[in-house]
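Construct all of the structure, not just a fragment, from the sequences and the given hints.
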Amino acid sequence: GDSVTQMEGPVTLSEEAFLTINCTYTATGYPSLFWYVQYPGEGLQLLLKATKADDKGSNKGFEATYRKETTSFHLEKGSVQVSDSAVYFCALSGGETSGSRLTFGEGTQLTVNP
Amino acid sequence: DTAVSQTPKYLVTQMGNDKSIKCEQNLGHDTMYWYKQDSKKFLKIMFSYNNKELIINETVPNRFSPKSPDKAHLNLHINSLELGDSAVYFCASSQGLGRTDTQYFGPGTRLTVL
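Going down the list, the protein sequences come from chains A and B.
If you use this note's numbering, the first sequence corresponds to residues 88 to 201, in order.
If you use this note's numbering, the second sequence corresponds to residues 6 to 119, in order.
Worth flagging that the hints you see were computed from the coordinates, not collected in a lab.
All figures in this text were calculated on a predicted structure; none of them were measured in a lab.
Even for Gly, the Cβ is constructed at its ideal location relative to N, Cα and C.
Keep in mind that the hints are not guaranteed to be accurate.
[What the hints assert, rightly or not] Computed cross-link-like contacts, DSSO-like style, restricted to lysine-lysine with a CA-CA straight-line distance of at most 27 Å:
| no. | chain 1 | residue 1 | chain 2 | residue 2 |
| --- | --- | --- | --- | --- |
| 1 | B | K76 | A | K164 |
| 2 | B | K41 | B | K76 |
| 3 | A | K155 | B | K49 |
[As the list claims (entries may be wrong)] Each pair of labels, with its calculated beta carbon distance range:
| no. | chain 1 | residue 1 | chain 2 | residue 2 | range |
| --- | --- | --- | --- | --- | --- |
| 4 | A | Q132 | B | E63 | 15 to 25 Å |
| 5 | A | S145 | B | E63 | 26 to 36 Å |
| 6 | A | G116 | B | Q19 | 39 to 49 Å |
| 7 | B | N31 | A | G128 | 21 to 31 Å |
| 8 | A | S166 | B | T64 | 38 to 48 Å |
| 9 | A | D141 | B | P66 | 34 to 44 Å |
[To be verified] Rough simulated footprint, nothing fancy, chain A against chain B, three-plus residues with beta-carbon under 8 Å:
| no. | segment |
| --- | --- |
| 10 | 39-50 |
| 11 | 102-115 |
Right, here's the structure in full:
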């Protein structure tokens, strides 16, 4: 079945550092890819998405490019802030076996220190 | 003007009790979902409904029963609660079943079974 693998966390960075959170997927068909963010005590918010190969999703300084050849959707930000501290989830939907459901990675806890 | 709302936010109860969680969306979406987030923050689909019709029914104990009285509501009833049911339950909605449709999440209900 479809699956998503994220880099193991937690990740701790200093403010203004460069962030990369790796995400790879296994799916047949033409899935859409998403990054969701969960701040402490809150629900999930969509951060960005990409719906076809080579699409780049971007929002709030975060970016991720849908790479079909490497089955990856790595999240990057050039300069993180303390307010970016949260759990980040990579997810896919629309694969042949997953249908409309979101299949999530394990989540990566990011802590940014001042 | 909350998009996806859930009640209650916290639910503490004894083993063996029956409880319900309510979800409402005011986005005009056709599709609604229930996800379970375990103690390690892993998220997994439980159910989805499209236009009040059950679409996804994952391998969930039949003590869990979703009910969709109309397109804007999807409630989750749990019978004979067990310790292992303790988790955060998230409701979500999307425009439809399309692979590019974004799912919007509620704030979650933290269920603690004692």
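Here is what the structure says about each hint:
{"no.": "1", "hint": "B:K76 to A:K164", "result": "violated, 38 Å"}
{"no.": "2", "hint": "B:K41 to B:K76", "result": "holds, 21 Å"}
{"no.": "3", "hint": "A:K155 to B:K49", "result": "holds, 24 Å"}
{"no.": "4", "hint": "A:Q132 to B:E63: 15 to 25 Å", "result": "holds, 23 Å"}
{"no.": "5", "hint": "A:S145 to B:E63: 26 to 36 Å", "result": "holds, 32 Å"}
{"no.": "6", "hint": "A:G116 to B:Q19: 39 to 49 Å", "result": "holds, 45 Å"}
{"no.": "7", "hint": "B:N31 to A:G128: 21 to 31 Å", "result": "holds, 22 Å"}
{"no.": "8", "hint": "A:S166 to B:T64: 38 to 48 Å", "result": "holds, 43 Å"}
{"no.": "9", "hint": "A:D141 to B:P66: 34 to 44 Å", "result": "holds, 42 Å"}
{"no.": "10", "hint": "39-50", "result": "holds (count 7)"}
{"no.": "11", "hint": "102-115", "result": "holds (count 12)"}
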